[in-house]
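From first to last, the protein sequence lines stand for chains A, B and C. Take 1 as the starting number for the first sequence in my numbering and just add one per residue. Take 223 as the starting number for the second sequence in my numbering and just add one per residue. Take 420 as the starting number for the third sequence in my numbering and just add one per residue.
To be clear, the hints were calculated from the coordinates, so they are not data collected in a lab. Idealized CB from N, CA, C, for every residue including glycine. Watch out, some of these pointers could steer you wrong.
Pulled from the structure, derived: some chain C residues nowhere near chain A, Cβ distances all over 12 Å [claimed, not checked]:
# : residue
1 : His425
2 : Ile484
3 : Trp538
4 : Leu581
5 : Val587
6 : Pro590
7 : Ser595
8 : Glu597
Some but not every residue of chain A turned toward chain C, in silico, with C-beta under 10 Å [to be verified]:
#  : residue
9  : Leu155
10 : Ile191
11 : Asp221
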Amino acid sequence: MNLFIASVQRDLLVHFRHPSEVLNPLVFFIVVISLFPLGIGPEPGQLKEIAPGIVWVAALLATLMSMDSMFRSDFEDGSLEQVVLSEQSTFIFVLAKVVSHWLLSGLPLVLLMPLAALLLFLDEAGTWALTLSLLLVSPTLSLLGGIGAALTVGLPRGGLLVTILVMPLYVPVLVLATAMVQAAEAGSDTIGYVYWLLAILFGSVCLAPIATAAAVNVATDQ
Amino acid sequence: MANQMLQVRNAGCERDGRQLFEDLSFSLATGELLQIVGGNGSGKSTLLRVLLGLYTDCQGDINWSVDEAPLYLGHRLGIKQSLTVIENLRWFGVLREVPVSQDRIDEAVYKLGLTGFEDSLCAHLSEGQRKRVALGQFLIMDNPCWVMDEPFSAIDADGLSFLMAILQEHLDVNGAIIISTHQPITIDRPINTLALQ
Amino acid sequence: MLNWFHRLGSPKIFFEISGRWQVPLLFLSVLMLTGGAAWALLFVPPDYQQGDSVRIMYIHVPAAILAQSGYLMMAGAAAVFLIWRIKLADVAVKCIAPLGASITFLALVTGAIWGKPTWGTWWVWDARLTSTLVLFFLYIGVIALRSAMERQAGAGRACAILALVGVVNLPVIKFSVEWWYTLHQPASFSLTEKPTMPVEMWLPLLIMVVAYYLFFFAIWIMRIRNEILVREKSTDWVKQWLTVR
């Protein structure tokens, strides 16, 4: 447990000293959302209807943008191989990385949801559902994205490749989350979606770090 | 009484189509220093990584009889530029699950010649100073086995004598060291040398 | 039995054994493909709903089946590589990825063509086509990772991990896409519904499916053999084999 807490603390500390790495994906998120009215038209009815999709796709892209930072700096300065060498659980280390990534990119994105909803004319029910859906899903995004981040960490231009690798894995949560928001807008019950998203989250917590830890071992094996 | 720490039999490794080394057999006991020499690209770093299990595409038997994994100073130092000297040293302790007292850290900072820099970010230090921070892991913990890859590079004259001194000290308390370097090592002990082509 | 498994893992032995089977396999599969295609195009009666366009089913359905089972086979080889470290399994993964991607692409194109007479558009986002598209992306991911890591030692293991992650997610993705489609198009006509088909229709389909599998294996084996020659080019038996040619 000590490794877990110390690792999260360390990551938070490192990132607070370099806030731009954290802020860039958030700015990207708002920029992408803002492009849609410019591309489609400012009509509120139109935007409101496609808002869940837009916000979610923008959130996925912003998350994938921030994925690169999960392991890259540790890999490049040699900290990652020290972790592997130390014989402590790589699984726990990976989990700690996911948690700090979520705190630094997932959680801020959740906090930006009301702003996004405002820009795209979502009503109150929709905004709540949007925020809740991202709250439930963003840890899953960090977990699954971590697999891609670990697989590509040794590669010089791994950033874009992570998107290609991880996007298919995001399809189920995208489908469920947007449906949840649409259901909320239509006034129906969303508890079923919550259960499904939680189920996916728990499944990912158990399985994704196994693949990520294996990928970390591959990355340091050179 | 020397205990054997490492036994290597027929270690071989091929990389990028080149056979770096093959049929290497040697051992390391407490109180011994093994120096690995060879030109650039001869496989010194790879051999160290093979011994530590960081590189697995190799043949042969590598048997360690130690309780904990050796401490390793690699090409990449293993310290974070965005953390201070003390934060980096503490992290080494956390990784190895060794409680490190503040006194021990202060002592290490003093020995490393980094007094006054303890709370500086490593990004603000010179390369030589960063190397010393990385060497700090050997001072704050009592791990019997040290593996160092080119520890003398980027080190100035002061650092050189300091490093020799801690190597000597470590051997005196029955530690063992594997070191890859072209630098001649001046210590008061017999040195086993392994030359790679 | 396990001994045979390990023996087959030797590139040289695999090369020898596959050399004997390759030509007959290829010959048989091409024969079945042409026979089945001719049957489908000429002798199968037109469907009462879809008319003659149902004939594309004989190209599309086997391709779709193989696209999925191809991924399963890739994941199987990946698991073998990760667990038993048999290098030939890594070769198998490397060789099947582009092959699987091609057949998935064929499934996509023929699926789209099949839909044209019914929907009037060249593409439609129905459950089948959409999940086939995602499957295509999964294949592309494995290929992209391999090509980005080509020179690196861990490429085989990384791609194997990715293939396994993909195969675990595949049912979840399929299920969610199918559910998504019902959400948006509740009363939909599914092209791939399987009403009970008369023998005249499913027998040629079966032949085509088997033919596709045989052809797939033939090409896969050819690719593996080629890759073995490349990887083992410095060994004596390869040098000898090459000089004989």
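Honestly, which of those hints from before does the structure not fit? Failing hints, ascending: 4, 5, 6, 7, 8, 10.
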